[in-house]
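Asker: Letter by letter, the chains look like this.
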Amino acid sequence: MSDHHGYSEQDVQREVTELQAQSATAARIFDLRRIIGGLFVVYGVIVTIAGINPSDATLDKAEGVNINLWTGLGMLLLGIFFLVWLKLRPTPPPPPPTAESEEKPGE
Amino acid sequence: MQSPTNGAFPATLAAAELRLPTNWLDYTILGIYFVVVLGIGFAARASVKTSLDFFLSGRSLPAWITGLAFISANLAATEILGMAANSAQYGVYTVHWYWIGAIPAMVFLGLVMMPFYYSSKVRSVPEMLLLRFDKWAHLLSSLLFAFAAILISGVNLYALAIVVEALLGWPQWVAIVVAGAFVLAYITLGGLSSAIYNEVLQFFVILAALIPLVTLSMKKVGGWDGLSDKLTETHGADFTTAWGGTGIGSDNPLGANWLTIVLGLGFVLSFGYWTTNFAEVQRALSAKNLSAAQRTPLIAAYPKIFIVFLVMLPGLAAAALIPGFGTEESGYQYNDAIPYLMEQLLPNGVLGIAVTGLLAAFMAGMAANVSSFNTVFTNDIWARYAVRGRPDAYYVRFGRLITVIGVCASVGTAFLASSFSNIMAYLQTLFSFFNVPMFVVFIIGMFWKRASAVSGFWGLLAGTVAAMVNYFWIYKQEIIDIPTDQGANFVSAIVGFVAGAVVMFAVSLFTAPKPAEELQGLVYGTRSPGMSEPPAEGDDAWYRRPALLGWGAIVLAAACYIPFSF
Numbered sequence: 001m002s003d004h005h006g007y008s009e010q011d012v013q014r015e016v017t018e019l020q021a022q023s024a025t026a027a028r029i030f031d032l033r034r035i036i037g038g039l040f041v042v043y044g045v046i047v048t049i050a051g052i053n054p055s056d057a058t059l060d061k062a063e064g065v066n067i068n069l070w071t072g073l074g075m076l077l078l079g080i081f082f083l084v085w086l087k088l089r090p091t092p093p094p095p096p097p098t099a100e101s102e103e104k105p106g107e
Numbered sequence: 001m002q003s004p005t006n007g008a009f010p011a012t013l014a015a016a017e018l019r020l021p022t023n024w025l026d027y028t029i030l031g032i033y034f035v036v037v038l039g040i041g042f043a044a045r046a047s048v049k050t051s052l053d054f055f056l057s058g059r060s061l062p063a064w065i066t067g068l069a070f071i072s073a074n075l076a077a078t079e080i081l082g083m084a085a086n087s088a089q090y091g092v093y094t095v096h097w098y099w100i101g102a103i104p105a106m107v108f109l110g111l112v113m114m115p116f117y118y119s120s121k122v123r124s125v126p127e128m129l130l131l132r133f134d135k136w137a138h139l140l141s142s143l144l145f146a147f148a149a150i151l152i153s154g155v156n157l158y159a160l161a162i163v164v165e166a167l168l169g170w171p172q173w174v175a176i177v178v179a180g181a182f183v184l185a186y187i188t189l190g191g192l193s194s195a196i197y198n199e200v201l202q203f204f205v206i207l208a209a210l211i212p213l214v215t216l217s218m219k220k221v222g223g224w225d226g227l228s229d230k231l232t233e234t235h236g237a238d239f240t241t242a243w244g245g246t247g248i249g250s251d252n253p254l255g256a257n258w259l260t261i262v263l264g265l266g267f268v269l270s271f272g273y274w275t276t277n278f279a280e281v282q283r284a285l286s287a288k289n290l291s292a293a294q295r296t297p298l299i300a301a302y303p304k305i306f307i308v309f310l311v312m313l314p315g316l317a318a319a320a321l322i323p324g325f326g327t328e329e330s331g332y333q334y335n336d337a338i339p340y341l342m343e344q345l346l347p348n349g350v351l352g353i354a355v356t357g358l359l360a361a362f363m364a365g366m367a368a369n370v371s372s373f374n375t376v377f378t379n380d381i382w383a384r385y386a387v388r389g390r391p392d393a394y395y396v397r398f399g400r401l402i403t404v405i406g407v408c409a410s411v412g413t414a415f416l417a418s419s420f421s422n423i424m425a426y427l428q429t430l431f432s433f434f435n436v437p438m439f440v441v442f443i444i445g446m447f448w449k450r451a452s453a454v455s456g457f458w459g460l461l462a463g464t465v466a467a468m469v470n471y472f473w474i475y476k477q478e479i480i481d482i483p484t485d486q487g488a489n490f491v492s493a494i495v496g497f498v499a500g501a502v503v504m505f506a507v508s509l510f511t512a513p514k515p516a517e518e519l520q521g522l523v524y525g526t527r528s529p530g531m532s533e534p535p536a537e538g539d540d541a542w543y544r545r546p547a548l549l550g551w552g553a554i555v556l557a558a559a560c561y562i563p564f565s566f
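Sequence order for the protein chains is A and B. Position 67, counted from 1, in the first sequence is what my numbering calls 67; the numbers after and before it change by one each time, with no gaps. Position 208, counted from 1, in the second sequence is what my numbering calls 208; the numbers after and before it change by one each time, with no gaps.
Just so you know, these hints were derived from the structure itself, not from any lab. Take the hints with a grain of salt, since some may be wrong.
[To be verified] Here are the in silico distance ranges between beta carbons for each label pair: (1) I80/A <-> Q520/B: 48 to 54 Å; (2) E517/B <-> G38/A: 48 to 54 Å; (3) G552/B <-> G38/A: 30 to 36 Å; (4) I80/A <-> L416/B: 42 to 48 Å.
For every residue, glycine included, the Cβ atom is placed at its ideal position computed from N, Cα and C.
Modelling step: build the complete structure from the supplied sequences, incorporating the hints.
Answerer: Have a look at this one:
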């Protein structure tokens, strides 16, 4: 360890590398695609249902567009897209712990 | 956090007559959202084992997640409402905040700066200054950043409170405490992972809120042709162009010319915000490898190019629909553009999505500030200068504690903000005080090996003081006549940049440079050990090459200017 101002790049590299090796890390534990997909499917269904049989007042307000229906279907599609993506490319399993603790050069 | 320069945002946000006709359906949608937000917090809690997990998500996230969080952290509701207000007030000039005021800086961050940030394995922007300069530059930048982060997160909270009060009829203090409690809960539980995951979710909810609103607004005004005809008639031909009336010496509503736009906004303010503001950079640092870190701001650049339409068109539409919008005669303020259109156009159901999107945007902005604040305060201030050498678990506990304190302080600054009549104007000026000097020190340190260890501190100090002097003395005392606050912010930024650069240069001439072996991987043209990592599998695909993504964004942004320039 060098003595200039007490802290060097090597110190940061070593500390962070050690911490990274111990990390559990969020990405390996749960997959965000499932949450986005789930929420948008639920929202899509709710808003689409609100758009079936709209009242005239609702249509007039939205410039004659059945905006609930279209928005609901759009959100539903986005939700399904995330769930399909998750299905096709599932979360990779956590790497074996030995791969994390390889020797760092120069230390 | 919003861009450093967004529109005027007076404290009294919405006129009293704006009250959204929400019903049980809308509240159900909002309720589901809050449940999911907390659920993410609890799920992410299981992933926090070390301080690196808590503060940087264990440097493990894929690029699409960090990229969308990067854009979401910027897409706070102050940005959405403020930029719509900006458009209603200044017209199509708003595109400058996006195409010249964001894209080049985001590309520069990804292509040029990120290799240094990521490979040196620093955990924050101030830590980079510690390595490049000395502990004084580090301490000063950490303190300035922590201070600014709390102020800004308080403004987000206060802006949320006035919007919620106006639109839903909740008392201000209820809105402040409820929103503060949710942000506190999910960050304390899951740290940065929780903040980032929520930001990505917020990004999609915000889009789902804005797209229907823009579609209906455009239908109502008769498409772009109807809109531009109407605005040309009422606001003049320059209102629907990007560059009309920006010649030096000519007059335009923005109070700025092409030179201050390009230099002040496009270079200094924008590079300062996007490349050295830790609330943004932190998202990229949490990526899983160098390639993903580089792609973070580049992936964010593409939505950023198009988001301008989602905020600008409602602003223009409101200006076209109501005569005198934003002035006394209409009874509406510029900031009411989006709430007004929501009230007029959205039926229950989509209205609930829109309200949820606005609240989500406020929480994203606040969470970005709080999660960067707790990282800088714990790693850079507490663990370095106050209580050193404790086990890692201590710093995770301290990080959670300081999150609680930070949120409480934000509630305090929110009430403080409520006592100012024009909070956003002051805050944007504060951005030019805090981001620009950090940027000048950074950029000179990175490109000039000779910049000495002590020059960082003095450059930072000089830049901050000069920007403040320009604002409080030269502008406020009217030593030089600058027509608007926005114009003054551009000039403050340029002054702060030049002063910081001159002082750094002068100090470096009289002090010893840092030894070359201590600058490895910190100065352009050197390499740190981490940079030799081989690319991960699949990262060599052509569509993942940073250079292609970056230049593609620049070309696209330039092309977007074409229809608005003639």
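Asker: For this structure, which hints from the list above don't hold up?
Answerer: Structure breaks no hint.
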